[in-house]
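Once you've looked at the hints, dock chain B against the given chain A.
In order, the protein sequence lines correspond to chains A and B.
Quick note: my numbering has the first sequence finishing at residue 251, numbered continuously throughout.
Quick note: my numbering has the second sequence finishing at residue 682, numbered continuously throughout.
Don't take every hint at face value.
Only pairs whose alpha carbons sit at most 25 Å apart, straight line, appear in this in silico BS3-like list of lysine-lysine [to be verified]:
hint	chain 1	residue 1	chain 2	residue 2
1	B	Lys623	A	Lys109
2	A	Lys116	B	Lys623
3	A	Lys120	A	Lys177
4	A	Lys241	A	Lys177
5	A	Lys109	B	Lys634
6	B	Lys623	B	Lys634
7	A	Lys120	B	Lys623
Worth flagging that the hints you see were computed from the coordinates, not collected in a lab.
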Amino acid sequence: MTIYCYDGSFAGFITVLACCGESGECPADITRNVPAQRGLFCEVSMVETDWWGYGRFLEKIARVISRHALRNAYHAFLSEDAGIEMAIHRYLSLGLLEGRRLDALLADKRVRPVHKAARKVRNEAHRMKGFVRFREVRHGFFYAALQPDCRIFTLIAPHFCTRFSDQNWVIHDMGRKEAVFHDASRQQWAVAGTDLALEPEYTDREMFYCELWRRYFSEAAIAERHNPALQKHMLPLKYRKYLVEMENGGP
Amino acid sequence: MPGELTLLERLEVLAGGARYDVSCASSGSRRKNGNGIGSASPCGICHSWTSDGRCVSLLKLLMTNACIYDCAYCPNRRSNDLPRTLPAPEEIAELTIGFYRRNYIEGLFLSTGVVRDPDYTMEQLIRSVWLLREAYGFNGYIHLKVVPGADPLLVEEAGRHADRLSVNIELPTRESLMLLAPDKSGEAILHPMRRIADLIRWRRDGRRARTAAPPFAPAGQSTQMIVGATGETDLQIMRLAENLYRTVELKRVYYSSFIPVNEDSRLPCATAPLLSREHRLYQADWLLRFYGFRSHEFLDEQHPQLDPAVDPKCGWALRHLHLFPVEVNRADYETLLRVPGIGVRSARRIVRARRRQHLGLDELPLLGVVMKRARYFITARGKYGGEEYLDGDRLRERLVEKRLTRDGEESQLSLFPAGEPAPGSAVTGEL
Numbered sequence: 001m002t003i004y005c006y007d008g009s010f011a012g013f014i015t016v017l018a019c020c021g022e023s024g025e026c027p028a029d030i031t032r033n034v035p036a037q038r039g040l041f042c043e044v045s046m047v048e049t050d051w052w053g054y055g056r057f058l059e060k061i062a063r064v065i066s067r068h069a070l071r072n073a074y075h076a077f078l079s080e081d082a083g084i085e086m087a088i089h090r091y092l093s094l095g096l097l098e099g100r101r102l103d104a105l106l107a108d109k110r111v112r113p114v115h116k117a118a119r120k121v122r123n124e125a126h127r128m129k130g131f132v133r134f135r136e137v138r139h140g141f142f143y144a145a146l147q148p149d150c151r152i153f154t155l156i157a158p159h160f161c162t163r164f165s166d167q168n169w170v171i172h173d174m175g176r177k178e179a180v181f182h183d184a185s186r187q188q189w190a191v192a193g194t195d196l197a198l199e200p201e202y203t204d205r206e207m208f209y210c211e212l213w214r215r216y217f218s219e220a221a222i223a224e225r226h227n228p229a230l231q232k233h234m235l236p237l238k239y240r241k242y243l244v245e246m247e248n249g250g251p
Numbered sequence: 252m253p254g255e256l257t258l259l260e261r262l263e264v265l266a267g268g269a270r271y272d273v274s275c276a277s278s279g280s281r282r283k284n285g286n287g288i289g290s291a292s293p294c295g296i297c298h299s300w301t302s303d304g305r306c307v308s309l310l311k312l313l314m315t316n317a318c319i320y321d322c323a324y325c326p327n328r329r330s331n332d333l334p335r336t337l338p339a340p341e342e343i344a345e346l347t348i349g350f351y352r353r354n355y356i357e358g359l360f361l362s363t364g365v366v367r368d369p370d371y372t373m374e375q376l377i378r379s380v381w382l383l384r385e386a387y388g389f390n391g392y393i394h395l396k397v398v399p400g401a402d403p404l405l406v407e408e409a410g411r412h413a414d415r416l417s418v419n420i421e422l423p424t425r426e427s428l429m430l431l432a433p434d435k436s437g438e439a440i441l442h443p444m445r446r447i448a449d450l451i452r453w454r455r456d457g458r459r460a461r462t463a464a465p466p467f468a469p470a471g472q473s474t475q476m477i478v479g480a481t482g483e484t485d486l487q488i489m490r491l492a493e494n495l496y497r498t499v500e501l502k503r504v505y506y507s508s509f510i511p512v513n514e515d516s517r518l519p520c521a522t523a524p525l526l527s528r529e530h531r532l533y534q535a536d537w538l539l540r541f542y543g544f545r546s547h548e549f550l551d552e553q554h555p556q557l558d559p560a561v562d563p564k565c566g567w568a569l570r571h572l573h574l575f576p577v578e579v580n581r582a583d584y585e586t587l588l589r590v591p592g593i594g595v596r597s598a599r600r601i602v603r604a605r606r607r608q609h610l611g612l613d614e615l616p617l618l619g620v621v622m623k624r625a626r627y628f629i630t631a632r633g634k635y636g637g638e639e640y641l642d643g644d645r646l647r648e649r650l651v652e653k654r655l656t657r658d659g660e661e662s663q664l665s666l667f668p669a670g671e672p673a674p675g676s677a678v679t680g681e682l
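Next up, chain A with everything else stripped away, as it sits in the complex:
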């Protein structure tokens, strides 16, 4: 039995699956970090990302199972849930036997966890399309801080790219310390590891718009229908930290 370690990227993970597929071996575990505790009879194998193997395996999944299954596997991977790697391994192994019927096995215990995780990621990505708050900083671009549970950058970046194509913007994942950068002149985006050295300095116009927005936000609520429980259900506290209208607890 072998525990496989990969570099944390999707390509690295798929390389592991491709290796296992070739040797026909079932891994004991697949992790991004070398496990502190390991089973007595387990050996640990570090897998280098193999881009050729990665491409071939993706193509195989799309051909034998479906593009849909590939999409589910990728989205589930982005959830970064504990044990999701093995769940995806079981899902795709079943898929290679079942073919395109895989995603109809909705109640199967190898399919469901992956569908569930993928849905969680898509839901959060959808929410984040609403919760990003761009703030104009003095250096001539728009900056937004976020702290999502899942690694959703690759899912939301294209949306903001088309929407704000004429704007230079940065969306910063505070938890993972990485950011998407968009360059308006080249109409391209890229992800890079980033940390804040200083608090960003906002423009005066930015402060004015924040004030306008806060006033609008408190004015839009109907006092007779006051229902903070519903508000909390729709807008969980964990997402409020970087919302302009919710600073200092919000109205």
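Using the frame of chain A, we list chain B on its own:
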């Protein structure tokens, strides 16, 4: 009109005046960004939720809160003593773009009081929207109110720029309209609705014939009515809604529980809004639009009101127990949809999953079926879901939604069941 209000104050006044407009949907339109700014996402995006639990998707504003009408229920009516303001269209456009660039909103919802006459007001509305689309290259979502009585040509012009148009039907019957909004006639409201419907159909057919029909209100039209200000029954309301859906191509009817903002002898005395009634009406509305029900199936002269204790689908099922239980492995999609506890998503999942496996009771919750209600109405592999067959009354007792607060009063039903956060989906109609 006094011009001393600052921008902040004007925003407050105009946002406060528009807050009672219910619609905030930003779905149903797919606008691509060309050279300007913005795009419209077909499933709609919510950006925040206010302290009343309603979502903020669009910047909801009045173009002006000045009004020549005197409708009994309206905070902006002529006889109320308020600061009135009419900002320049440039100001509205700039504010919208400023908010949009910061990703506060999906677009603009522009309503208005009526100044001078309907045509003039409509022209001003169109000017604001034209400015956004043409001068600022704005491709976000725009919901525009149509003023009853405005010229059909102006309605057509509005639909060229807006994603969604809406004419408020205000109240469920002409008599109520006469009583509370004597300045508006039923005909003046219905006429533009029909006109919009014709143009939407014409555009749809034009697209089908592959001619280059210019876009017209791609997200359709909606309307809203106040419930509880006058004595109409749920039966009357749902019949009206059903008719509107059938005849004028409505995407949505919004029901807004009456909130007393004015002292007026024609209005019922001050009460808290009846949110549970509003909630039941929305559930019934969903049955019409997504579940293949007709209004006469769950409401008739003997039962003119929706049952406050159980949802309308449960109510219908309890009166038609002879149709149940249904076998989930064999029943067709339409039948599954009629089972309490099975929704559009879970019905689709059942149909998909049973092609591959014979479903048992244990698998159903995994597919999203709410077994608490569904179990009494289904069998799976021939096995009945409930512990025992119950007669109508005892079954009803089990299905009553018990949500009593400590002092015994009915508490607010939440619009969305706790659990899975549901992002917007145009298919299941969550927005």
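Hint check:
{"no.": "1", "hint": "B:Lys623 <-> A:Lys109", "in the structure": "holds (22 Å)"}
{"no.": "2", "hint": "A:Lys116 <-> B:Lys623", "in the structure": "holds (21 Å)"}
{"no.": "3", "hint": "A:Lys120 <-> A:Lys177", "in the structure": "holds (21 Å)"}
{"no.": "4", "hint": "A:Lys241 <-> A:Lys177", "in the structure": "holds (16 Å)"}
{"no.": "5", "hint": "A:Lys109 <-> B:Lys634", "in the structure": "holds (22 Å)"}
{"no.": "6", "hint": "B:Lys623 <-> B:Lys634", "in the structure": "holds (16 Å)"}
{"no.": "7", "hint": "A:Lys120 <-> B:Lys623", "in the structure": "holds (24 Å)"}
In summary, the structure agrees with every hint in the numbered list given earlier.
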